[in-house]
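Given the coordinates of chain Z, work out where chain R should sit on it, guided by the hints.
Number of protein chains: 2
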Amino acid sequence: MTDFAALKRRFHLPEGVIYLDGNSLGPMPVAVPEHMAHVLRNEWAEELIRGWNTAGWYTQPARVGDRIGRLLGASEGSVVMGDTLSVKVHQALAAALAMRPERKVILSDNGNFPSDLYIAQGIAGMLGRGHELRTPAPEDVEAAITDEVAVLMLTEVDYRTGRKHDMKRLTEKAHAHGVLTVWDLAHSAGALPVDLAAAGADFAVGCTYKFLNGGPGSPAFIYVAPQHQEQAAVALSGWMGHTAPFAFSPDYVPGEGIARMRVGTPPVLGLSALEPALDIWEEVDMQELRTRSIELGELFIREVEARCPELRLASPRDGTARGSQVSFRFEDGYAAMQALIDRGVIGDFRMPDIMRFGLTPLYIDEDDVRRAVDVIEDVMSNRLWDTPQYKARKAVT
Amino acid sequence: MTDFAALKRRFHLPEGVIYLDGNSLGPMPVAVPEHMAHVLRNEWAEELIRGWNTAGWYTQPARVGDRIGRLLGASEGSVVMGDTLSVKVHQALAAALAMRPERKVILSDNGNFPSDLYIAQGIAGMLGRGHELRTPAPEDVEAAITDEVAVLMLTEVDYRTGRKHDMKRLTEKAHAHGVLTVWDLAHSAGALPVDLAAAGADFAVGCTYKFLNGGPGSPAFIYVAPQHQEQAAVALSGWMGHTAPFAFSPDYVPGEGIARMRVGTPPVLGLSALEPALDIWEEVDMQELRTRSIELGELFIREVEARCPELRLASPRDGTARGSQVSFRFEDGYAAMQALIDRGVIGDFRMPDIMRFGLTPLYIDEDDVRRAVDVIEDVMSNRLWDTPQYKARKAVT
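Top to bottom, those sequences are chains Z and R. Positions 666 to 1062 (our numbering) are the ones given, in order, by the first sequence. Positions 666 to 1062 (our numbering) are the ones given, in order, by the second sequence.
Hints are not guaranteed to be accurate.
Since copy identity is lost for identical chains, a pair holds within one copy or between any two.
Straight line, CA to CA, 20 Å or less: simulated EDC-like cross-link-like pairs of lysine to aspartate or glutamate [as the list claims (entries may be wrong)]:
#: 1; residue 1: K673; residue 2: E712
#: 2; residue 1: K769; residue 2: D916
#: 3; residue 1: K673; residue 2: E953
#: 4; residue 1: K673; residue 2: E711
#: 5; residue 1: K1056; residue 2: D997
#: 6; residue 1: K673; residue 2: E948
Please keep in mind that the hints were generated in silico from the structure rather than gathered at the bench.
Pulled out of the complex, with its shape left as it was, chain Z reads as follows (with noise of 0.2 Å):
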């Protein structure tokens, strides 16, 4: 059985704060200063360059990689770290489409995160190929998967209103057509149990600093099936993804299985952050944490929809079609977010009128949910939003 209570404790939760925005930055697992002393002190100061082979440093884009694949259903080898994910997702793409040179069509939806869009985007103008980019609406996407298509890509879950895709239906359907898939698990990589080798996904990406807690801008990572890692393509071919990097020959050659996806030098101290917050997922069953956080949304929807009628839910009400996320719309949404925050409820806002919370249950519990929507029937039936400065106030995140 998963210690809730206990792993709530190896997280630093600032004094008078219920944070509910872990799907967009997770919190700081409490072990990462003493962690990252060490590795400055002991292994940057005191061993310099040999830290490469001593401290582990070159190895740790698979190692790190191995810990998260075992997350998500990835077999060893199959998932390695580095870059960012707008990074991971050109190099998945360029990939996938490398492997479907006569087909032209890329589809998505129109719910991706944005910088998906614009990475395929980018890719088209680069190959100047007349490649298209066809976002329908999510629930269109099964639809529209035809054999004019040469990659699916998609998030699993939608960063707006958590909406989850089906990624085995729909992975099953692309490969009927002979479509190949690029799966973002952005918000579902230690939101809720995913099986990439039981749903027969090609390439996947997703970033580490949400539920995964790894600190701001911590490294991406990237799977690469393994039927696929021989033949994939490599666009962004940097030296660390050679299969001889310090052999320092003149031509490329891409490296064995997974390690061709690396690119350059690994981004070492914020791997390193990552690993505490990766022993903790030790201790966490996924099955177990699903059910808690389905069990904490459905909690939240019955308090706001029972005490803040001007909320509206954006999200699936039936918490198995949902990741680990509740949204409601409330066209005020910016400056009542605001107002949140400055009480001490710290979600976030979507355009045009998305208030994100994230359920998480390594940290939040059904205390933390009843005691935000005391704050949040407070702001709303005061209509405490309502001031010049939470309407002018802008943000960047």
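Using the frame of chain Z, we list chain R on its own:
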């Protein structure tokens, strides 16, 4: 006057080590652990998602970029941080090629760092339009600049020998032939004075973990000359380069100026570790640093040549023609470097026979150079490298 003795005290240098490998990974500034503890405990842990505004994370890539730009003769707003050097080479080269669509030749040299060549091969393969990568010997590059060439992509200082290209002269010839330039400053930034504006460079890229002392895998930088910023095509079109990332609009619109060269969520921890290192540079006069660097190089060459006849100078003898490193050739250089490292003199080895020594005046002085040569002499004259374990050991860096 730059006070080099005072600067040396701002670095942690391990007991019993003379560190001549700052050209690969710089040592840790003593201010880093406390600063990182602050970033972790006061920014990430306490500010959580608010840190993007309150701790300035969102503007950090531009702010840190400007600090580095001041060391490189780049105007404000023309350098931005992020990703790795390989990714930044990709961005610069892709943008430059898109500005010369009718030309198909990428000109580099056979002494360029292999990752730059690999990235060029990757772009050529992805574009599939018959681009050709030419790599003459470094001394033949100037003659190879013709009207056929789209982009001249060079590393200013050779990673093996330290030989330095004349950036201004080559850029002038390039422009006379309508060729755009991409300069890799990996071994220049923090090693010698660079004046990108005076040289007329079009694009430049570099890393920060070498002479800038940013830590293992610290983020890279990219420079785009002001007159090109609004035309530069964006191949890696991630959301952070969008003109309004938080509008979440479906179509990519590149940001103003250098901002479009941002890609994904910035690596906050890596950028933060770099900041105390940049504080040190505020105290440095680059011309005085260059003078010291050449003096240390001359002393090192004189002492080694007088005492170690087995080693043959691989670097230019003229100090003004090389960067801030001195390399020697020795057939068993790999084993010899292992023997040196075990005796506290840390340099590194590059295939096939290059022993590299970084001479970095921020923390290396004449006394270090003389004591290092004492050890080199001992290793060479007593053949201390000639043991099975030194010959068998395999390094990854």
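Results for each hint:
In this homomeric assembly, K673 and E712 come within 20 Å of each other (Cα to Cα) only across copies, at 18 Å, whereas the closest approach inside a single copy is 34 Å. Taking the shortest alpha-carbon separations for K769 and D916, only the inter-copy value of 19 Å comes in at or below 20 Å, while the best intra-copy value is 30 Å. Proximity of K673 to E953 under the C-alpha cut-off of 20 Å is restricted to the intra-copy arrangement: shortest distance 15 Å within a copy versus 54 Å between copies. Proximity of K673 and E711 under a CA criterion of 20 Å is satisfied inter-copy only: 16 Å between copies versus 34 Å inside one chain copy.
Only within a single protomer do K1056 and D997 lie at most 20 Å apart by alpha-carbon distance; the minimum there is 8 Å, versus 70 Å between protomers. Taking the shortest Cα distances, K673 and E948 sit within 20 Å of each other inside one copy (12 Å), while across copies they are farther apart (45 Å).
Hint violations for this structure: none, all hints satisfied.
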